[in-house]
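So the protein lines, in turn, are chains A and B. By the numbering used here, the letter at position 132 of the first sequence is numbered 132, and the numbering carries on one by one without gaps. By the numbering used here, the letter at position 70 of the second sequence is numbered 70, and the numbering carries on one by one without gaps.
Derived from the structure by calculation, the hints contain no laboratory data. Some hints could be false.
Said to hold, decoys possible - Result set (DSS-like, lysine-lysine): computed pairs, CA atoms no more than 30 Å apart in a straight line: (1) K227/B <-> K166/A; (2) K249/B <-> K347/A; (3) K202/B <-> K259/A; (4) K167/A <-> K51/B; (5) K347/A <-> K159/B; (6) K259/A <-> K47/B; (7) K51/B <-> K166/A; (8) K167/A <-> K39/A; (9) K231/A <-> K51/B; (10) K47/B <-> K167/A; (11) K39/A <-> K119/A; (12) K39/B <-> K159/B; (13) K166/A <-> K159/B; (14) K39/B <-> K307/B; (15) K27/A <-> K39/A; (16) K51/B <-> K88/A.
One letter stands for each residue in the lines below.
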Amino acid sequence: MSKKPSAPAETGAAPAVTPSLPSPHAKAPANAALTAEQKIELYRKMVRIRRFEERCLPVYNAGKIGGFLHLYIGQEAVAVGACSLMGKDDHVITAYRDHGHAIAVGMDTKPLMAELYGKVTGCSKGKGGSMHYFAPDLNYWGGHGIVGGQIPLGTGLAYGVKYQGKKGAAMAFMGDGAVNQGAVHEAYNLAALWDLPVLFVIENNRYSMGTSQERSSAGELGKRAEAYDMKWYVCGGHDLYEVRATLDEALRRAREQHKPAVVEIDTYRYRGHSVADPDKTYRDRKEIEDYRNTKDPLQIFQNQLVFEKVLTDALIAEIDAAARAEADRAVEFAEASPFPTAEDIQKDVYWETDQAQRTSEGRIFFNNID
Amino acid sequence: MATLTYREAIRAALSEEIERDPNVVILGEEVAQFNGAYKVTEGMLEKYGPKRIVDTPISEAGFIGMGIGASMLGIRPVMELMFWSFYSVAFDQIVNNAANVRYMSGGQIACPIVIRGPANGGTNVGATHSHTPENILAHHPGLKVVVPSNAADAKALMKTAIRDNDPVMFLENTLLYGVPGEVPEGDVTLPFGRAAIAREGKDLTIVAYGRCVVHSLAAAEQMKTEKGLDIEVIDLRTIRPLDVNTVLKSVAKTHRVLIVEEQRPFCSVGSHLAAIIQEEAFDELDAPILRVGTIDAPAIYAPPVEKQFQLPNPERVVAGILKVMR
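Looking at chain B on its own, in the form it has when it is part of the complex (with noise of 0.2 Å):
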């Protein structure tokens, strides 16, 4: 085990597959020459080369685009967006070529692309750097959906990525680039679709994905503490595939569940979830099924109240915990 940042593993996670596989080539703003708007990948130019770390103008759907025809091709472009939210402007080349053109062409073409970068808000940075677009990409058949929230589960679900032969939408989070973990040496990679128990428990079940996990682990603490209460909290790692097995598991265990995102409620991950637990656990519910999200409205810029009031933290956690137990 070694202790790196969530940003070095992905860093590192790139580098292992630069070097194993010659056609994979990273690409985005600032990638090369700047290190990395939010330096993931730092050093890489330098180590790496032009030809495989390359600096892209302001240009979304121009180089999403190129990177989606690169992949026909067999080139495996890891695009960075420099934000997830930018992904609005390269959107018609994600969701009607990168989606469909492997549909429209029966099978007959690959597009191993790997779109990455933070989605994300709590930085302050207002309503138009501030999406979560997880729901929206998993809405498209055709397309990966990968939001990890710890260090190790980043890297090996990079490689995954990487590796993978479909396209894959790989959502990070800004405020978990500088917070360290134990991440396994070695190729170590996960499969998509296979979530984690963050924590053991039997009362109720947390189900979050990404930086959620980590304000659902401590509002879990803090009632095992005041309440005595025993929470689990599963990652589910991947929106789409989705381990449905392991949330009903845990359904049929705690009988209560929690849905924890930074999502607003109106189609949101959670929603769907919902729908999943209530038609093939209905019996096994003692409480209806709450969520604790992003409170409905565009992201408000003031610091404080986007912090405590709009996005989800360890305090709203305790209290949708709370009503659930009533």
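Isolated chain A, as found in the complex (with noise of 0.2 Å):
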């Protein structure tokens, strides 16, 4: 587990080495614990992740999907290792590429897949979208479109945690675009003054839509959290035994410390910042392929699984059927799935209009279909 590097870390370069097995976060205390089922089950939903966002291209591209695409594929191991480390009472929220946080968190991928669709079986009734998945009852609060806009909201999840005496953590992701945004910083600030337990989870994906790391923030991420007194800790995304160690240490410190920190982890996207990116004017191929080749998340914990003998080629092959499998079936219950209606644009609007009875007087809606 890295934590506060003697040297800035190079930003932007692909990485020059394959990481050597074991991981070298394999004995962490959080990884130790794991059963070969949980491992196995971390690996599975890595896979699920990929085959489901690789199972929407096409449908996007057949103008099924609407609006943006915001894929994750590259960097599943974040959200996954991440996410793992929920206790009842810790809490997720991010940004707009929020499909691998919602498998991750236990969401069903059916109804993601027709919120993609607009249908009215999405898990957001085909009113929020690929950038607007939640699941508040498995404390995953969403999916939120304006760039570091959650971050205050993450922060205030973890207020509501500590004022009800709960001993939980909030984990807020963003971007690393999301680092120069004004209420961020304001987050930070509110965050350390009050002895917040959240964690700020900055995934570096080296660019903010096709502005590379560089041209857009000055300095280190994660130090920034040194302006406000707050712990801050940096480490590779390829490795979930990597994002667990660390995520594991900072989780604890918030939840029996009411300490929050920043955690920057540095990652990748293979696709493009969406769907609607060609990604040909902003970075090499040969980046990409570098990565791909050498620090693929998925590759990189299955070799780890399979030289721990957990996995083996049969199972390789059978979770990763039966996630294709998933991914279709998830696109033929979309396609099934009727549209909203109508009616139903004004519903959802006001917690007020969806009860039976009304608690206030007068007009709430200014026009109604016709």
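Given two chains presented individually in distinct reference frames, assemble the corresponding complex, making use of the accompanying hints.
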């Protein structure tokens, strides 16, 4: 587990070496405690995320998904590693690249795919779309479209947990582009000032849309925590064990001492910023290929689990086939589902108007479906 | 009945709700140790302690967003903006998170937050501190917007706001804080969307809210004395939801309408109200609907000019009445 590095981490450059086996983080307490079944489940979740998102692409290109589609492919170990550490009073919130976290917290892929289709069976009834997945029953608070806007909300989740006297923490995820938003810094200050149990997790995939970290951010991203007297960590996002080892320590500190921290995780997205991004102007193909060939999080964890004799070739094939079949079933479910009706447009706007009896009087909507 | 100022009435509502519900927490700049920039929360820190009355840094986007996040977990934050004018630095949090989170989650999340503070001109603080954003807030489905004109309403509506499970924007007025009024004792609430007929009349309907109700009542009295006119004054109390029926009923009686609001004319609350009246009661109208509002410019500093010319006042309301009655 790496803490404050002695020298600034290099940014933007492709990693030079293939991580060695076994993972140096395999013996960290959070990982040593895992059973074989749990390890297989972590691997399976990463595969399910990737197959789900790969299945989204042809569907999007066929015009069945509207708007934006920000794929998480390449970053799977971050969401799966982080969310696997959640206890019952821990909470997660993230930005618009939110499919991975949704599957990681345990959401069913059928309503996730249906949401992309804009169907009423979607996880937000077809009202949120790709960027706005929510599952409060799983302590998953979205899915937010405005860069950095979710970070004060995540701080509020931590405030709520502490106010209610619970021993939990919030993980507020953001991309590297969010660190320059004022709301993020305001949240840092509040969290540090009031000892709120929140982890600000920066998924540094090196590009805020098409602008590289060098071209958008001064200094080291995680280090900004120091200005707020917050502890910060930086770790690799390709080795699931490393993600878990780092966040486990930070989470324990948050839950037990109500101490916030910034955790910068180096990761990489293989696809464009969104599917609409042709990805031809701001990075070399070689950079993507190098990462994929040396740091792919699925491959690294697969290698690790084969080394541990937890995974076999047969099991790997079975997990992959099951994940593909699951993605296909999600598409079938979405295809077969109806769209919301015109009347549904004005449902779920107010808590009040969703109840059998209104609590207020007067006009609350100023036009209606004819 | 007790005589309380508007400020004391709000404080009474906040105190009673703090005592009633352990999830109610008051946060804002200077609300605790300083006793409130406008003394609304005076004495509350001493009485309820630092867990319930919390000073925030000057960081509206941060603390409003934090309150919204906490409200998703069932906390009921009552967040003070020292001036509603500062909403602009927290606008993303209000319109994208508070207003939308329920919708975007398909109804899975409630956001029971109250954001309160004064929203008015007339105190010679210049354009940055004189915004009246009730129209802008009410433009966003998901938000409720309340603008009380007197102490009794302020207390009852604040209690309703805190108990409401939707985000409520509560707009007060620094020029009303010291105005006393009779306030019923005990746990009295008022439903949103129920206007008050502040003065009954048959010759003209004035629709107003907030401090403009006070101007309208003064003008109506003057017109009674000088012209023998019986003017009806409706106090909307809440902008969203909006008590359209009470307005239309009055229009059917008087056939003439003047809207008085501390709003600039373009896309104001009155613009929309006028649109509703002409759509739904066109045949009842004997004269065009007129509006008396803020003169269309940023708020001027020059004290007598702001008061006399730019903002609504009884003299300008009288001039408006005479135009509609012509």
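Taken at face value, is the distance from the CA of K159/B to the CA of K166/A at most 30 Å? Judged against 30 Å, a Cα distance of about 28 Å means the pair holds.
Starting from K227/B, check that the Cα of K166/A is at most 30 Å away, please. 67 Å, violated
Can the restraint linking K39/B and K307/B be considered satisfied, given a maximum Cα separation of 30 Å? 24 Å, holds
For the pair we were handed, K259/A and K47/B, check the Cα-Cα distance against 30 Å. Holds, at about 29 Å.
Does K39/A lie within 30 Å of K167/A when you go C-alpha to C-alpha? 26 Å, holds
Pair hint K39/A and K119/A, alpha-carbon separation not exceeding 30 Å: Violated. K39/A to K119/A sits at ~34 Å, over the 30 Å cutoff.
Would you mind confirming whether the straight-line C-alpha gap from K47/B to K167/A stays at or under 30 Å? 28 Å, holds
Holds or violated: K231/A and K51/B, Cα atoms, limit 30 Å. Cα-Cα ~25 Å, so holds.
Could you grab the alpha-carbon distance between K167/A and K51/B and see if it respects the 30 Å cut-off? 17 Å, holds
Hint consistency between K51/B and K166/A [alpha-carbon to alpha-carbon, up to 30 Å]: This hinted pair holds, its Cα atoms lying about 15 Å apart.
Given the hint that K27/A pairs with K39/A, does the C-alpha gap stay at or below 30 Å? 13 Å, holds
Given the hinted pair K51/B and K88/A, is their alpha-carbon gap at most 30 Å? Roughly 24 Å separates the two Cα atoms, so the pair holds.
Comparing the model with each earlier hint shows violations of hints 1, 3, 11; every other hint is respected.
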